[in-house]
Amino acid sequence: MTNLNAHNSALPDERGHFGVYGGRFVAEVLMQPLDELTQAYERYKNDPEFLAELELDLKEYVGRPSPVYHASRWSEVIGGAQIYLKREDLNHTGAHKVNNCIGQALLAKRMGKTRIIAETGAGQHGVASATVAARLGLECVVYMGEEDVKRQAINVFRMKLLGATVVPVISGSKTLKDALNEAMRDWVSNVDDTFYIIGTVAGPHPYPQMVRDFQCVIGREARQQMLDKVGRLPDALVACVGGGSNAIGLFHPFLDDSDVKIFGVEGGGHGVESGQHAAPLCAGRPGVLHGNRTYLMEDDNGQIIETHSISAGLDYPGVGPEHAWLKDQGRAHYVSINDDEALEAFHALTRTEGIMPALESSHALAHAAKLAKQMSPEQIILVNLSGRGDKDIHTVAALEGIKV
Amino acid sequence: MSNRIDQCFASLKQEKRSALVTYIAAGDPNPELTVPLLHELVNSGADMIELGVPFSDPMADGPVIQAACERALAHGVTMKNVLSMVEQFRRDNQHTPIILMGYLNPIEVMGYEIFAKAAKQAGVDGVLSVDLPPEEGEELLQAFEAAQIAPIFLISPTTTTERVQLISKVAKGFVYYVSLKGVTGVKTIDVAAVQTKLNELGQYLNLPIGVGFGIKDPQSAAAVAGVADAVVVGSAIIQQSQQAGDNRDAILSQVSQFVKSLRQAVAQVEKTV
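So the protein lines, in turn, are chains A and F.
Sequential numbering from 79 applies to the first sequence in the numbering used here.
Sequential numbering from 700 applies to the second sequence in the numbering used here.
Don't read these hints as lab results, they were simulated from the structure.
Please note that a few of the clues may not be correct.
What the hints assert, rightly or not - Label pairs and their computed distance ranges (CB to CB): (1) Arg-121(A) with Gln-902(F): 26 to 34 Å; (2) Arg-790(F) with Asn-268(A): 40 to 48 Å; (3) Ala-966(F) with Asn-268(A): 53 to 61 Å; (4) Glu-861(F) with Ile-471(A): 48 to 56 Å; (5) Glu-838(F) with Ser-336(A): 43 to 51 Å; (6) Pro-735(F) with Arg-121(A): 51 to 59 Å; (7) Glu-861(F) with Gly-190(A): 18 to 26 Å; (8) Glu-838(F) with Glu-351(A): 29 to 37 Å; (9) Asp-377(A) with Gln-713(F): 41 to 49 Å; (10) Glu-351(A) with Gly-775(F): 21 to 29 Å; (11) Tyr-903(F) with Arg-409(A): 43 to 51 Å.
Note that beta-carbon positions come from the ideal geometry of N, C-alpha and C, so glycine has one too.
Full structure from sequences and hints, please.
Here it is as C-alpha cells:
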C-alpha cells in the first residue's frame, strides 16, 4: 500500500504550521469541526481499507497513473532543454483537482456527511466535486463568484448536469476568494451534515496538509516515471500556482532531491508592476486570510485587494501556506508570467503538440519555455500540465474577437 | 475595578439587569455618521458598544454585516479611521465600554503592539478578533495584556468543554456566546437551548456571558435578557439604519427608536442569576 505522502516531512506541526505560516485562524464555531476532520483524516490516511479504495478509484475512475509525455517537437522549437509534461489534463474531469476530491469525498462518506460543498474559481474544482458527489450520491452545492460564473459558463452547465446546485456569489469582488468566504459561511451554518471540500492547499489546518497529501500522487508518479523513462530525475520542475495544489502535489515528493530546481509560476496578469496581477508570493506580504497565515495581496490597511489574471483558477489573492514556507526557505522559486505570455504558450503547445492546455497550466508552460532557452538540450524540465484547455476556448476566442 | 467593561457589569449586577450591547460597523452608512450614531446608541439605552472594523472578507458574517462592511470600505475606512472615531467619541463619553469587533488581518498589518497601544490610547476597552482562536493568539494576547485591553472571545454551540476551559484562561471582560451555528443575523435564536448551554458554561467561566447572533427584536432581546448577562444586537440595528434611507436625521431617529425598544425590553426582565 502506498503511503499518501512519500516525502518525510515533519511539516506541518500538529497545529498545522509551516514555520510561521498556516495554522488555524477561524471563528470559534469551526474549531471543533476542524478538530473532528483532523482526527478523521489522521485515522483514515493510514487505514489500509481507505487507501485501497482511494487507489482503486484513482486507477479506474480517474484513469491514473497519468502519463509523462516528452513534448519533443515543442522542445525543438524552443531550442534548449527537453520539456516533459505530467499529463494531469488527461484525468477524468480534465484536471488535477479530482485527485483531491476523490480523497475528501471518501473521507466525507466515512464521517457520515451527506452534503458536499465546494468553492470554485475556474470551475474545475466545482466540476470535480460535483462529479464525485454524483458518483457517491451526495448532495452538492458549489459556490462560485458571479464574475467566474460568466467567464466559465461551460463548467457551470457541467456542474448542473451533474446534479449540483451552483450558487453565484455576489459579495466582495465576486471571484474565488468570495466563493471561499461564502462556502465557509455555509459550512458554519450546516456543520452537522456538511463536508466542505476545499479545492486547494489553503484554508485552515488540516486542509493544506490533507489536500497536499491527496495531490502528492502527481509527484510520486512523476518521479518514478522519470526514473523509468530517462533513468534520472529532471533538472527542474515547473507548475502554476493559484492556491497551489497542483504545484505542491508535484513538488513535494521531490523536496529532498536537492539537485532538482523547483519553480512555481503565479499569474502576472497585466504585469506585476501594473498592480493588476495575482502574484502574492512575488509581490505580496504575509497576512491572515481564509484560516491561515500566508502571503497575500493586500493594501496598507490589511484589506484584501482584487486580483487579476486571464485564468480564473489563478485569480486568488492568497496562496497555500506551504508555498510561503518553501519561498522563505529558498527551496522553491516563485516567478510570475503575464496574461499575454501565457496565451502565447497556450497557442504554441496547441499548435506544436496537439495538446490544448488550460490557461492556468499555460503559465507554467510559458515559464518552462523561458527556462529551457537558457538550458542545454541534455537537460530536462518537467512541467505539470495541470488541466486541459477546453474550458478556456471561449476566453481565448473572445480575446481574439471571435464569437464561438 | 480595572476597566469600563468590568465596571459596567458590576453596576448592572446591582441593578439586576442584563447589559444591552449594540453593534454598528464603523463608517456605515458613512464615516461622518459613526460618532453621532455611537452617542445616539448610548442615549437610547445601550450599555456597551461593539464597533465593527470593516474587513474585505468578513467570513463569519451574514449578508447584512457584509453589506455594512462593503459600504464602509467604499468610503475608504481604515483601522486608523476607526480608532480616531473612538477617540472622538471619548471626548464626550468616558463611561461606555467600546469593544472593537473584526478580523485579524487589519490588526496584523498594523503590528500587534502598535495596534494595542493605539487602541488603548483612543479609548478602546476590548477587542474581539473573530478569526483568532486562543491557540493562535499568544503574541496578540501579550500585547493586549501590556496595553490593558480585554481580549473578548467567542464560544459557540460546537465549543467543547476543553476549549471552554482554554478560553476561560485567556478571556477578559466577558465572553460572547454565539447562540446558533451560523453567521451573524440569519437564523432565529432558541432561548431554551441557550439557557441550558449557559448553565453549563457557568461552571467553567468566571466572566459575564453575553449572547448574540439571531436577536432581532425586543421580544427575543427580552427572552435572552432573562438568561444572559448581556444581550448583543447587531444586524437588526444595521437593518433599521438601512430602512431609514439616506437622511441623517431619519437614520439617527430610527436607530434610536429601535434601541430604546430593545432597552425597554431588556430592562423589564429582572435577572435572577
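Now the hints, each set against the structure:
no. : hint                                   : result
1   : Arg-121(A) with Gln-902(F): 26 to 34 Å : holds, 31 Å
2   : Arg-790(F) with Asn-268(A): 40 to 48 Å : holds, 45 Å
3   : Ala-966(F) with Asn-268(A): 53 to 61 Å : violated, 36 Å
4   : Glu-861(F) with Ile-471(A): 48 to 56 Å : holds, 53 Å
5   : Glu-838(F) with Ser-336(A): 43 to 51 Å : violated, 33 Å
6   : Pro-735(F) with Arg-121(A): 51 to 59 Å : holds, 56 Å
7   : Glu-861(F) with Gly-190(A): 18 to 26 Å : holds, 23 Å
8   : Glu-838(F) with Glu-351(A): 29 to 37 Å : holds, 34 Å
9   : Asp-377(A) with Gln-713(F): 41 to 49 Å : holds, 46 Å
10  : Glu-351(A) with Gly-775(F): 21 to 29 Å : holds, 24 Å
11  : Tyr-903(F) with Arg-409(A): 43 to 51 Å : holds, 44 Å
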